[in-house]
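*Asks:* Chain residues, written in single-letter form:
There are 6 protein chains.
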Amino acid sequence: MSQKDTEFFQPVSGMDLPRFAGVPTFMRLPHVTPDHAAYDQVQIGLVGVPWDAGTTNRPGPRHGPRQLRDLSTMIRAGNPATGVNPFALVNCADLGDVAPNPIDIMDCMDRISRFYAGLKSSGILPVTAGGDHLTTLPVLRGLASDAPVGLIQFDSHTDLFDSYFGGNKYTHGTPFRRAIEEGLVDPRRMVQIGIRGTAYNTEDVEWGEAQGVRIIRIEEFFDRGVADVMAEARDIVGDKPTYCTFDIDFVDPAYAPGTGTPEVGGPNSFQALQVVRELSGLTLIGADLVEVSPPFDAQGNTAWLGASILFEMLCVCAKAISARARDA
Amino acid sequence: MSQKDTEFFQPVSGMDLPRFAGVPTFMRLPHVTPDHAAYDQVQIGLVGVPWDAGTTNRPGPRHGPRQLRDLSTMIRAGNPATGVNPFALVNCADLGDVAPNPIDIMDCMDRISRFYAGLKSSGILPVTAGGDHLTTLPVLRGLASDAPVGLIQFDSHTDLFDSYFGGNKYTHGTPFRRAIEEGLVDPRRMVQIGIRGTAYNTEDVEWGEAQGVRIIRIEEFFDRGVADVMAEARDIVGDKPTYCTFDIDFVDPAYAPGTGTPEVGGPNSFQALQVVRELSGLTLIGADLVEVSPPFDAQGNTAWLGASILFEMLCVCAKAISARARDA
Amino acid sequence: MSQKDTEFFQPVSGMDLPRFAGVPTFMRLPHVTPDHAAYDQVQIGLVGVPWDAGTTNRPGPRHGPRQLRDLSTMIRAGNPATGVNPFALVNCADLGDVAPNPIDIMDCMDRISRFYAGLKSSGILPVTAGGDHLTTLPVLRGLASDAPVGLIQFDSHTDLFDSYFGGNKYTHGTPFRRAIEEGLVDPRRMVQIGIRGTAYNTEDVEWGEAQGVRIIRIEEFFDRGVADVMAEARDIVGDKPTYCTFDIDFVDPAYAPGTGTPEVGGPNSFQALQVVRELSGLTLIGADLVEVSPPFDAQGNTAWLGASILFEMLCVCAKAISARARDA
Amino acid sequence: MSQKDTEFFQPVSGMDLPRFAGVPTFMRLPHVTPDHAAYDQVQIGLVGVPWDAGTTNRPGPRHGPRQLRDLSTMIRAGNPATGVNPFALVNCADLGDVAPNPIDIMDCMDRISRFYAGLKSSGILPVTAGGDHLTTLPVLRGLASDAPVGLIQFDSHTDLFDSYFGGNKYTHGTPFRRAIEEGLVDPRRMVQIGIRGTAYNTEDVEWGEAQGVRIIRIEEFFDRGVADVMAEARDIVGDKPTYCTFDIDFVDPAYAPGTGTPEVGGPNSFQALQVVRELSGLTLIGADLVEVSPPFDAQGNTAWLGASILFEMLCVCAKAISARARDA
Amino acid sequence: MSQKDTEFFQPVSGMDLPRFAGVPTFMRLPHVTPDHAAYDQVQIGLVGVPWDAGTTNRPGPRHGPRQLRDLSTMIRAGNPATGVNPFALVNCADLGDVAPNPIDIMDCMDRISRFYAGLKSSGILPVTAGGDHLTTLPVLRGLASDAPVGLIQFDSHTDLFDSYFGGNKYTHGTPFRRAIEEGLVDPRRMVQIGIRGTAYNTEDVEWGEAQGVRIIRIEEFFDRGVADVMAEARDIVGDKPTYCTFDIDFVDPAYAPGTGTPEVGGPNSFQALQVVRELSGLTLIGADLVEVSPPFDAQGNTAWLGASILFEMLCVCAKAISARARDA
Amino acid sequence: MSQKDTEFFQPVSGMDLPRFAGVPTFMRLPHVTPDHAAYDQVQIGLVGVPWDAGTTNRPGPRHGPRQLRDLSTMIRAGNPATGVNPFALVNCADLGDVAPNPIDIMDCMDRISRFYAGLKSSGILPVTAGGDHLTTLPVLRGLASDAPVGLIQFDSHTDLFDSYFGGNKYTHGTPFRRAIEEGLVDPRRMVQIGIRGTAYNTEDVEWGEAQGVRIIRIEEFFDRGVADVMAEARDIVGDKPTYCTFDIDFVDPAYAPGTGTPEVGGPNSFQALQVVRELSGLTLIGADLVEVSPPFDAQGNTAWLGASILFEMLCVCAKAISARARDA
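Chains as they are written, first to last, in full-length UniProt numbering: chain A, 1 to 328; chain B, 1 to 328; chain C, 1 to 328; chain D, 1 to 328; chain E, 1 to 328; chain F, 1 to 328.
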């Protein structure tokens, strides 16, 4: 298997096996664990992090990976909108879930960090299905231990607060404060898009902007449009290694009701796809989609949007890997 | 009853009988079967086709007609947006459902074809509530047996595939391949609008375009806007007989979650109404609204949108009939 | 407490007490009844009117205030979009619900009118959570007994009909006919925005326009955009006392399914926030948000949008009071 | 049609037309209005009363008849448990809904009373789908104008209160107080079964028992069992004309969640069927099933139980009519 | 692996990996396909048949296997009620789904029959998650090709009809008529338990009883109790090879709303477990649980009961295999 | 207020204010905080503990108190089944929620313990609405610091495990192991009723029985009946101080679907009420109802059962206090 395996890593087609059938893996890809013979051919690994211990309000994202897997079986192989067929470009696999500890935040962050450090050392680019937004912190600890990375964050909240409930430093409202403090993210190569909703205070925004983070509120997003905003975002992160994190609450709750801290007045689903497509050309080292909370959307409409976003992420990541391989 | 009956064919008003009351017929119109004395005065017949045997993924449209009838009782008589009151222009009636055979596709297609051939011979223009999209094939067999018709299709899928599951020619992914092959539709007078979503391959698009079908993807739709796209659509079909088919999955699933194969990134409900209003002036011979799947939207929001679209269809069809009568 | 109380009237912060905890009052404000020591410091009172006896179709708004209270606990103190922190400007409190009589319309309207007359005499500006739209009539009886006020109405229906069911003058389809007849609203200082949907007839529009009411249909709203339409609206009401009433069915049902008479083809949630923000600078004497019907949206997405709109109303009202105080 | 019509009055079979197809009438019976040629052959009329203006708590039963019609299409023709095929015994039809006035209680009660008086004079026995429990009062006014009837009531509440909200005499908590006061029901031939739940006070029970009403609480019901309790009930009403009223909240809310005032700790669905079957042999003049509230059970499980109970009522009523005819 | 593998075939423990985590297989067992090295050690195979083309009323069971897998991850390893730990007795695995053809009944039955014939030849006892009840026919064709087997059927319907819709021989209402005709089941060793609901006619019962089938209606079941009825059932099938089929609509719809043809008045969930436990000691050759329809119960309560029943089936089958091995 | 206050502590009557109106406190009682003048007259305090950080599977009980408050407004003042009117016997109040820390288990347990120690020192008997079952541990630390208490536990799980996920000692599966180890509960005065479901192993049961805990499985419960089992339970705890904890998953999930770890085959709602009524006569020092998880039952049927159970607890506690006062 020294080159692209044309059979093993292909998703099962709904033309052969109906999409409601079979054990549900991400996008009907093979489930490959480290002890599997094909593990070292994997180039992009879809990973679930079923964890929501950092949630300060309504829990549920621990159930996200399973529902995202379920709905992702409706994804087909090609992307006519961008012309990318990720499974023809690189070897993709479902790597299963990180085993979480729902009771102990520190232990669980260690488990996640180790898992992603392992992926890094294996040369596997991770596309992650969370989990709440605290997930991104240990993921970055695993991936960005060498040098700070650039970050493009789609979100309705900055998640830049210092602490909650009288001193708790690790919640889904604080990961990017910690990531900057720990040198995992370069704040001058960081942009947040879609920020809105009511606010406790302005501490988060002031701190972030003082570090150099570019914060693009929803009003500016709607005024300028996707293309213009994303051109700026690409300028900010440049061509150095960059991570993308997408909180499903970036999207308006009419499109994504299944989340814990929705904010009305957000983008629609077409814009959600567009912003990811505009990541094309960046040096992506990974991406995540977080905060899908199945208990608030049992029918799975939110997860279907989430799976569609994961697929767009997969496409831009596959293209990035493919381009690097071609250039090398 | 040699002229427009001013009483019998009027819908019951919610001012007199609240809209939640009464046996639910389409838009509170009289239920008229062929043995009814008023049958030969009917000009537009609302017909249900409760059938989903062609569904390859998530079933449910067999329940569509009933939920559409239920929600359609919230429709009132006039359309202030277009100035049309269809019930003042032509005699409309609920003709009931075609009796389906849920177990036998071939038998059921025969039943439907015969029903619509009967309507054609009676001079009744049908506005149909499906049913999955395979429904449109036997409807066209009934209506277009003489000569191929033009077709305007609102949909997120082309439904132009050749076969599924190792050779099945009749599914809700193949009706328009068959319709073109059978000479029911003139592919050079056919346009598909709103196509999007992931794809198994490009076989459908390539085949369709090779026949002359104009396929307008959602990106083009959003770029050009409703008015420009629909002007082209009207040009394509011209003033010869034309049929309109509207798959509810044309609309974004935030607006229409109750469907079997949703694709995110679609138009909103206002655009859904607009595209139908832009059919005004065409030589319509019928129209359908398909793929409403009540089990995925028990509260009926999708069916309410579907009923609103059916009403807009009724308005443009009534206007077309009225214009023909005036011209004759 | 001769000046702004800096502690008592502040909402509980989610940073201290998680937002899912505690007895739910509107926006986590203190519950203050007339016998409370702090009652005479209240400047804006959030009031529930749990009543839907005027509903002609699908009932449920009687449950609106409770679900709106529940979801409003996710509102935080500040409004970064407009820079207003209402709780820093004026003293706000939850005044509880008007005790309704669900069985007797006339008695219940009297109860409501008396309650609001009491607020007026106490100098408290009410922001009301309905209730169906008939609620606004007795509210205006309480607030506008001296002189007719201006009215800005966001709605998909005019609610200007004369009567229902053979003579019933008091339903949620008639309040503004009555309000004009009773001299509570000056029809030349009245504007309705967002009107759409099918119609029984044109009696309502013709009567309203004959009185001088400006009716802006949804097509015009989308063509001109929020800023232009709202500039006209502000011109119409001028700087004299004005009331704002917001029927949640103004918004498209994808965003607000939990209502009794939804009309597809409406604005999105961002536009819903924008139109309220554009009330800034007016001489507001009160505002209401009506027709949220929890039985049709048990998960509370509609109520969350409603609570977000109530907060925007609170902001413009607080700013108006604050400006008046500063000018005085 | 001087004798049992063997074709016209038969329900459509699901063997021929699937049960999800067709305009939904009660149990797929013909919809017969007074102007229909077959009207005077009708022996049992299924009637909807879509009305809930008497509801003091959670509204919704106005939507009951439509959902009951929808689910009743799953009923088949025969009753193997009791050996009765009602449609072979008597002519049954769906008589449509009484046109309610949702805004005016007094007017609406008049409308209902007149409708049922008309049925009585036509010799049609009504089986009614409510509607809240106030419905039974005007029904009895229509049916029992000559002499008081016996009453068997399955319910978790006595509905024997005098008034609500400071004097309202007509609510769904008062119909049987009024019915006794008005001489419509003979309290010594009246039995209430299944009473439970918390209580405002004991006024209702004391008043009822003072009139001679037999009140069997749920604890006694469970202790003695269905057969013993129902034997006593039959003794109480004897062989004189008797009416049966069944509030769906008699059943435990696990079986019937779609109701406005549920009380936990009730009978199961098998017991619900049994108690109706035990009415066999009585001189029934009508029966009703009330308080099914679709907004609290959109999927229709409650309505399916309700439709099953209506069918059992139909069976005992058909048998009673048939026996009277045979004896005559 | 010549003896019980103590590691590979053990389900993942929720003590180690939380039950919401991981790719969901049946009961968290390994997913073993025929090409897997461990395939020939499998003794019991859990198999999904995602198919509902035989459904005459409300579709959905094609989604059953996926939701049953999802909920089955809440099952733990041991059964304290019966003292059986199936995974300590025999090697169990998830064998995936039979690839269905949702469009072609005959082709799909062939696919299923071949799959089960393969299991039989491999010595694997199947425990199946359907699918609608037609599923059992091709399963029996695969398993009982040599000689007719005994059958214990828990169901509210006999499924003994001859045909539907004018001649369709293969629906979910006919499998056991066909199975007897084809000599797959010995009707004198066949018992049906729980039969109830309304009936088209008595053709099914009469035909079945004429063949020797013992039909135990729900009234008899409740009168005699589980132990007595099941003792008779065991006598009927004796110690020869026997298959068990469990239609989830055997249970009352309060416990199992997610099914297509519910019948009220059924057993509770404890009785559902009990009847399966009473199969202990029989010579079981396989078992299935059918008609779980997720679209009618998105939250999965029905599937949780279904998964619990599958586990009880697994326990009695494991014990049967273990006993045979011990005796051999 | 040296004696029973006849006004202040009475719940609002639904006869005066409809039950859907008003700020929802537990059973419409006054909300009394420690700084309130009436605080030292409170005898029974209803307390919410919105906390679920100990949940190992599906989260949600943090939302329990709010939904229980909402539904509890349907409770009326008297209990006809037992003849107790708790509000006439003792002063009851809603004491609000303990402020939880959802992120830090140890900090949160301290907060809860301190709160309940405060109640104990104030002489207030707490009736608690959880929260997950770990809640009971810090409650007992607050109440049983002097001497071990007796415990009656209604539950489908023992919650007697030692640790989860490699050493976590504090989860909702371990509270009673800890409580016994810490000397808060006397295991020889402890009984668990309703235990069922699959099991990881038998460690919990063996350890518990070795300490002297009496474990009554569901099979024994159904065999012996409520009266006999509860007589034994009363014998076990005797007349010394006893606490009662009720996990809603004791009840079958058909009655209580809104919980995180449901087990099928449980008691019905009538039995749930009965077992609490049978606590009459004991020396109760408090009681709790835990594990109501609103995200899994948005309509609130589970919470309505939970509120009904809380009311029965309130009745037996009020009677116990009243008896002690009378005896003193």
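No lab work stands behind these hints: they were computed from the structure. Worth double-checking, as some hints may not be accurate.
To be verified - As a list, the in silico DSSO-like pairs of lysine-lysine whose alpha-carbon atoms are at most 27 Å apart: (1) B:Lys169 <-> E:Lys169; (2) D:Lys240 <-> D:Lys120; (3) C:Lys169 <-> D:Lys169; (4) F:Lys169 <-> A:Lys169.
Fair warning: this is a prediction, and the values are worked out from it, not measured in the lab.
*Asks:* Would you mind marking each hint as holding or not holding in the structure?
*Replies:* Against the structure, the hints:
For the hint pairing B:Lys169 with E:Lys169, the CA-to-CA distance comes to about 23 Å; that is within 27 Å, so the pair holds. This hinted pair checks out: D:Lys240 and D:Lys120 have alpha carbons roughly 16 Å apart, not beyond 27 Å. Between C:Lys169 and D:Lys169 the CA atoms are separated by roughly 23 Å; this keeps the pair inside 27 Å, and the hint holds. Among the hinted pairs, F:Lys169 with A:Lys169 is consistent with the structure: their alpha-carbon atoms are about 23 Å apart, no more than 27 Å.
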